[in-house]
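**Q** What follows is the residue order along each chain.
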Amino acid sequence: MMFGNPLTLLTLGPIVAGFAFMLLAWATPPSKRAEVSQYIRILIFAFALLLFALSTLMFLESYSGISWTQIGLNNYVYDNCANADVAIEAGGCSLVNGFGVSWHVGVDGLSFPMVWLTTLLIPVSMLVEWDAKKGPQFHSLILMMEGALIGVFVSLDLFVFYTFWELTLIPMFFLILLWGGDDRKYAAQKFFIYTFTASVLMLLGILVMYYYTHVPVWEGNMTGRAFDVTLMASSSSTLGTSFLGGFGMQKAVFLLLLVGFAAKMPSVPVHTWLPDAHVQAPTAGSMLLAGVMLKMGAYGFIRLAVGLLPAALVHFQVLIVILGMVSLVYGAIVCLGQTNLKRMVAYSSVSHMGLVFLGIATMQPLGIAGAIFMMLAHGIISPHLFAVCGAFKHHYHTLEIGSMRGIAKHSPWLSGHMMTAWMGSLGLPLMAGFVAEVAIMIAFWMAFGWWVILPALTLIITAAYYLWSMQRTIFEGGEDGELPESLHGEDPVDITWHENAGMFVLAALAVILGIMPFIFFDMISAFSGEFVTEVILDALNGVKP
Amino acid sequence: MSALTLISDPNTAMALLPEFTLVVGVVLMIVVPNLGNGTFRLPIPNTNIRLPYFFGGERFSFNSNPRVPGIISVTTLLFSTSLALWSQMSTPIADSNVWCITTAGEAFASCEGMVDASLLQIDGFSRLLEIVFYGALMLCGVAMWSRMPATPRFMIHAQVLAGRREDERIQKLLDNRRQVDFHLMLLMVALGMSVVALASDLFVMFIGLELASLSLYVLVAFMKENEEAPEAGMKYFILGSVASAVGLYGISLLYLWNGNLQISDLASSWQAMETIDPLALTGIAFLLVTIGFKVSAAPFHLAAPDAYTGASSPVAGVLSTASKAMGFVVLLRVLVTITMPESGEAFWVPIMGLLAAVTMTWGNFGALGSENPKRMLAYSSVAHAGYLLAAVTALGLNVAREGDHVVSELIVAAMLFHLTVLVLFKLGSFLVFSMLESEGKGSKLEDLYGLAKREPLLATALFVFMLALAGVPPLSGFLSKLLLVSGIVDATVHSTMNFDDGIIATLKSIHWVFYLALLVFLNSALSLFYYLRVGWVMFFEEPPTKKRLVYAPFLRITIMLALVGTLAFGIGPLADHLLTLVSNAAETFFA
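Those sequence lines, one after another, are chains A and B.
If you want the numbering used here, it's the position in the first sequence, counting the first as 1, plus 7.
If you want the numbering used here, it's the position in the second sequence, counting the first as 1, plus 1043.
Hints were generated in silico from the structure; no laboratory data involved.
Treat the numbers as computed from the prediction; the structure is a model and nothing was measured.
Just to be clear, a hint being listed does not mean it is correct.
Cβ pair distances, simulated, as ranges [what the hints assert, rightly or not]:
(1) A:Pro-36 to B:Gly-1483: 32 to 42 angstroms
(2) A:Trp-33 to B:Ala-1443: 55 to 65 angstroms
(3) B:Val-1401 to A:Leu-30: 41 to 51 angstroms
From the three backbone atoms N, C-alpha and C, an ideal C-beta is built for every residue, glycine too.
Build the full structure now, drawing on both the sequences and the hints.
**A** Listed below in structure tokens is the structure:
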């Protein structure tokens, strides 16, 4: 029951395989290391592709066999406890009886796009950094990271969720520390301390919710409580505002969770780790950091903070709007002033995640669907952005915007990818980002009326900084452009075939999802519609009659 | 009690099998290293008939080996642990495994209605603690195998300086004398501690306490080649004996009050009191000083950092695990069993709450400021005592005789679980330090620099131990803290409470003991900084040398086993087994 589940395989498989490959690389005698590492790298890549194929198969199967609108709230696809002999509250899927931990995994319209995105980005980021130093170790760390990331999205038990949440830090920490730039120690430390401290506050919130669960029928459970999120969700929806003993406690827990998730997303007052971490991280690390790790915050916010404490969201709606708006505007304005390409892209992530907050705060089905689609679109486009930055660093040895002009002449492929990625991120129609932005804007208008002008105008700043940086780096500069000094007179080269292949996948997906958003938008909007009617409307009616 | 009955009564013999094994071990430890080819001449004139009597003379090669005492003590402790574990596992149902040993040496399957006073009481609770004690001491014994040179290093040094080659026969005579001393003391500690766990009479308990303490004083001061050790031992001895004297005075006051030191009798007298007798109260308060010293609770913890730093690491590990567990047994027996109120909360709840808050905060700030990793672990041990005292405070709220003991059992089980898994990761980290110490290092944070490059496995193990100490899920350290906090929350917050009136009013309406749980949480978050610092310097600083540490295969295996246990008792089926074990033990404590 526990291991016959594809999600379990997706979670534990990469972690075990990553460890195995790491050991294999470590145990190879130095004389054969160069030869063996080639094979190990191919094996790891093949394994990552296999996992991607598995998640795509799941996607196709669930698409044909399951109607996402029928799943309903608090029901999950590929739920390993749905058909268990014993109910969850009686310890049907228990991992540790003593204090009510179960191995409960499942996906719905919120988490499935993220799982699929993770399995996609892992092989792509491996492709982009195919030639990393100490390749086998590097790639097996990425593989371990895949397991932890997927674990965060699929686990429905908060103990397991929190464990995976912290587990994602470790590979990322080492990726930054061992393969990062010059200032990597500082960046890795800051990244770790920031996110760890925030998640400790989140743990406090989780524990408070844990203390309010009650599972008297669970044999051998010493505390009489359980970490299962479905149990919490059903008691939250039946108890309404008296969940957690009352509205006062709900607000306190909501704020605790908000701090934990906002630091991960990141939202403005707690975002300062992100630019440092991104600038120092290796390309593949940045891609995963921006592509998936930031989404963990948004995912957790929707699943736990909003899903379990909707009344508190209604209470703090203005706070969330302000947080989102400040992130959006501040991130965009700071981008304008950046001279480092990667730092600019990092701040643009802050700006885009602000849009996710705005979408959630609208409390409209379309707004939440837009926010989730934004997570997916940003998860495809921002790795593309970072891959381009990495290519600049790799081939031109600099990220300073001002140091080069007219690169398009020398590196047409790189410039092409830069244009695609930059355009996708500024919200060009027919690309995935546009769909999400439009959905959020419409919902924002429906919820707040003409206030929509504020975020809409910010999109102009977004366009400005993207176009301006692109114009300076790949255009301008006369006939031959202006090569950066860091090349030391060498001939500029274009990106390699594997970088090109990885980036091409991302570019193609951004366009495909822009033209045919329904591929994912159907399941997302089915989820968000259900979510709003079942969770948020009740809270709205309960608090503001 | 007649010694003959003690052995001849089959029930007693069976019930005390682990302790008898220890006694056999002690005897072997004295006899085996003294065997030799000594003979004596028959007192018949004009003849020279010599009979071998195997004592004295020149020793055989097998028993002059420096390894022998260690092998004897570890084997003995292994046997005792297995026997205790077996008796615990073979009868998991709580009350069928109770034995009361009377002053006449007879064993009864129930402590009710005996003619003679009961001296020792064996139940799930005391058995589990015995397992903890023996286990910790066994790990210490294994660590000492590779630690102790045959003669103190400075003596060899002095001999070389004096230009004197060592006489081979003297060498043979000295060979394992030191080891014998050490391991004999180790077995005495085990015996003393198990007497404390089993005692059902305060005086017997005190004797056990002193037996263990006196042996521990010697062990702390044992490493003479380290200049700090005798000083640490002296400090620990002086403060410890003052604390014991105060406690003994407390016990005498209790005797004056009750005329009897049976714990059950004291409990019923306490219950019968209309108002609290000042004599009894003073007695309990004085006894608390001894306990406070043993568990290293602030403000009685001041000797602990010095003792831990000066003692060799395995001994420091015993101080922070087994010795502390012993202190908590006494604490539970005295505070909970004797002064259990009829209803409502116990009188000592405010004192214990204050003590807990001060202890954990003081310990954490002390650890934050210490540059010596062993000192840091000593302060962290103080902090852990604070967490346990917070649980004891919550126990005081709920321990009333009336009503069910579900919450109290949860708290006691959590404490037992914490004390058990502490042996794995606290002692485990001391074992890693012990490997560093055998090359004369380990007293500065710099000594840990780049350990990961020299010994990747050991560094990883130490890092995991640190994470477990900090309480990071899914390690067993998190589980134990979660259970402790659960116990406190259960004792203070009830699901019927209403928190509708806003945050401030909500926070005001909760019992103050709840904030101890919050303090435990905040302190754990704070402690992450100094625990992670150890990991940081191990992985990211440059090592002073590339040399590997001492070989010590058994010690390495032991550390790896502790690592596996730290992980396995945190999540998965093994955690469940241990939880069942401790909750059964907690049940028998209240039975």
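**Q** Does each hint hold? Answer for all of them.
**A** Verification of the supplied hints:
1. A:Pro-36 to B:Gly-1483: 32 to 42 angstroms: Because 33 angstroms falls inside the window, the suggested range holds.
2. A:Trp-33 to B:Ala-1443: 55 to 65 angstroms: The hinted range 55 to 65 angstroms holds for Trp-33 (chain A) and Ala-1443 (chain B), with Cβ atoms some 58 angstroms apart.
3. B:Val-1401 to A:Leu-30: 41 to 51 angstroms: 47 angstroms, holds
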